[in-house]
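**Student:** Letter by letter, the chains look like this.
Number of protein chains: 2
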Amino acid sequence: MALGNVMVGQSGGPTSVINSSLVGVYKTAKDSGCGTIYGMRNGIEGLLQERYVDLSMYIKNDLDIELLKRTPSSFLGTCRYKLPAAEKEPEVYKRLFDILNRLEVKYFFYIGGNDSMDTIMQLSNYAAAINSDIRFMGVPKTIDNDLAVTDHTPGYGSAAKYIASAMKEIIRDASTYSTDSITVVEIMGRNAGWLTAAAALSKSEDCNGPDLIYLPEVVFDHDKFMKQVSEVKKYKNAVVVAVSEGVKTADGKYVCEAGKTNVFEDSFGHKMLGGTALYLADFLSENTGIKSRGIVFSTLQRCASHLVSRRDITEAFTAGADAVLAALNGETGKMVIFKRISNAPYSIITDSYDINKIANAEKCVPLDWITEDGTYVSKEFDEYARPLIIGELTPFMVDGLPRHLFIDK
Amino acid sequence: MALGNVMVGQSGGPTSVINSSLVGVYKTAKDSGCGTIYGMRNGIEGLLQERYVDLSMYIKNDLDIELLKRTPSSFLGTCRYKLPAAEKEPEVYKRLFDILNRLEVKYFFYIGGNDSMDTIMQLSNYAAAINSDIRFMGVPKTIDNDLAVTDHTPGYGSAAKYIASAMKEIIRDASTYSTDSITVVEIMGRNAGWLTAAAALSKSEDCNGPDLIYLPEVVFDHDKFMKQVSEVKKYKNAVVVAVSEGVKTADGKYVCEAGKTNVFEDSFGHKMLGGTALYLADFLSENTGIKSRGIVFSTLQRCASHLVSRRDITEAFTAGADAVLAALNGETGKMVIFKRISNAPYSIITDSYDINKIANAEKCVPLDWITEDGTYVSKEFDEYARPLIIGELTPFMVDGLPRHLFIDK
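From first to last, the protein sequence lines are chains V and U. Count the first sequence with UniProt numbering and you get residues 1 to 409, in order. Count the second sequence with UniProt numbering and you get residues 1 to 409, in order.
There's no promise every hint is true.
Copies of one chain are not kept apart here, so a pair can be met inside one copy or by any two copies together.
Claimed, not checked - Computed cross-link-like contacts, SDA-like style, restricted to lysine to any residue with a CA-CA straight-line distance of at most 25 angstroms:
#	residue 1	residue 2
1	Lys-248	Leu-67
2	Lys-379	Cys-364
3	Lys-253	Phe-283
4	Lys-227	Asp-98
The hints are simulated quantities; they were obtained by calculation from the structure and are not laboratory data.
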């Protein structure tokens, strides 16, 4: 007899490996004898509108599975929808559980970051309150690497690999002229500097890495910044600086807010950042007279699936697979986590952890992994992050372009 | 007996395949029995300062050759130096020929774009005037694809492949939300829209391509732009627009100049562009209220050697190799060109062509390859450009990052 049906969704900002977790859920649920495996379109928001698909209509064979692993962005579509508190709007929960019960869903998986884990927490707490036997499991996903408890998050390794690789190429490009120049590279990460720190991974036998790195964990000071850049400028003609989009001045204002006319906010109240590099490049041009260029990785750092970390792809799959195994084993209200056993040789084990202790928490780069002057990261960061970018997954190239799996709308 | 010595240099903006041309020159000259193969550091500017290297000190074996093919940016360093007219500053020419004669150089190769071909023209004309037997050959290179006479230029295919691949990933990323959004992607190309047009190559079985494409060949009109975007917005929630950094309004002003405090110019008088996408995204936000994002490929489109076109790499090598063979055959004052025999199956032949008819000319996208409303490119462009992005050259990955060959400074 088939086990119950499955509902899986993707939420929040996409990554290059979020679909590998989807495949991990799908394949493991299927192989374990679950019934229909539904995918919600655009996360919980779409599910509330009863928009979902039978995933077997799209993932038809093992080639599709491999293709989906190589497909960036959220295959099922995503959302930034915050579930209201159950006490305030119980009808939302009633509607959701009605839909799930009607579809005979017993296992619910949500692949996402901080905000998505809030959804799993709300739903599993509500289920406990109404004695529902539906099991709710979170699958970690975020390029930001800012989820609590877990050693790291699927998505981070590939974004870090992209950043480090592109950084090497940019440094080589910037250094080819004998004229003076300053390049400011803007990297994602609202409050946590994990991604910006990954710029340091470009340092290798054939590359010196960026000259300065500014994380959001450290207060940004325009005067210090000018001085530090000028100091490097003394012995190098081409200076390359990595800076987080989320750097803030002492008054708590984002650097990129200077001169912006309108700053969008999403439903979680997060400001849409951007413009830091161009602003700082202009600032440096004006104050030094040196040609300065701003480069922004923008969404490429989360969707460049043509350059993923094989380890990240595998771990993302495992996170999805383990969430299914845990749910089948009776667990609910938990998220799959990674525990680091050792850096070299790299070794992790997976576990599952109480979602109430993960949701809405945020893990930043430890301050003792940042150099005293606040312009670089330490050896400890390198030892932690470098294993996460190892290995490649060759894209499926068709007529010169990476091929993706897609849902025909 | 060894033939004469060789001097080779790289000039202008780097590309992902400019070092493949360098390898083509090096290997062919070596295999043909030339003497020492010198590489000028930072082009003609460095040579005037007597900065050059013996390339055999750096390219020691076939592995180095393969590594150099995979190394982005100009291995020897580059410059943006304009040779003065020989009548005005004959001492510059005298100094250069003194250096070349002292080094017993008989063959001079310069890998570059429009401005670099001007250098070859000046030098070969001067050589003729003083009856020097040094032979000067140009090797085409530019991501902009704007060199006259040749069917296309080495460097364009890889930049086009990067743009088309990244575009696919960006479109997939932008389309994953069910909310409204407009993404404006800025692509290089001062006056010629070849690179921006390459965004159309992202259109494939699994991707609809960008919705609108704005080339610098067409006058940019803010009102029309607003109307065209709004029209697409009616039937799609996520609009993606590709726009050249070089689009100009009817008054001849670059769109990106609006609101800029200082615009740098290089020694050829070219303005340093940038900011078009952010400016237009802000413009759309303000006028539509829809969340708009600007994405700029910046230098990544010319240095992302981790994603090159195999065909481009091979042709870049051939261009360098054929320049050597032509010079050994007695030719001088010419540039290697490609002639297209057929699109399907793709076939080209190489030839060499009088540099006086190439230097300082500029080839734009033919207007009849642009749709009547000026928002897309035609089938003819597709048939021309698609063969150029075919095939891959796997990067040499070491510890998760692409490895490059480099000169220790």
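**Student:** Determine for every hint whether it applies to the structure shown.
**Tutor:** Hint-by-hint comparison with the structure:
Taking the shortest Cα distances, Lys-248 and Leu-67 never come within 25 angstroms of each other, neither inside one copy (40 angstroms) nor across copies (41 angstroms). Proximity of Lys-379 and Cys-364 under a CA criterion of 25 angstroms is satisfied intra-copy only: 17 angstroms inside one chain copy versus 50 angstroms between copies. Taking the shortest alpha-carbon separations for Lys-253 and Phe-283, both the intra-copy value of 17 angstroms and the inter-copy value of 24 angstroms come in at or below 25 angstroms. Proximity of Lys-227 and Asp-98 under a CA criterion of 25 angstroms is satisfied in neither setting, with 61 angstroms inside one chain copy and 44 angstroms between copies.
Figure legend: structure checked against the earlier numbered hints; hints not met, in rising order: 1 and 4.
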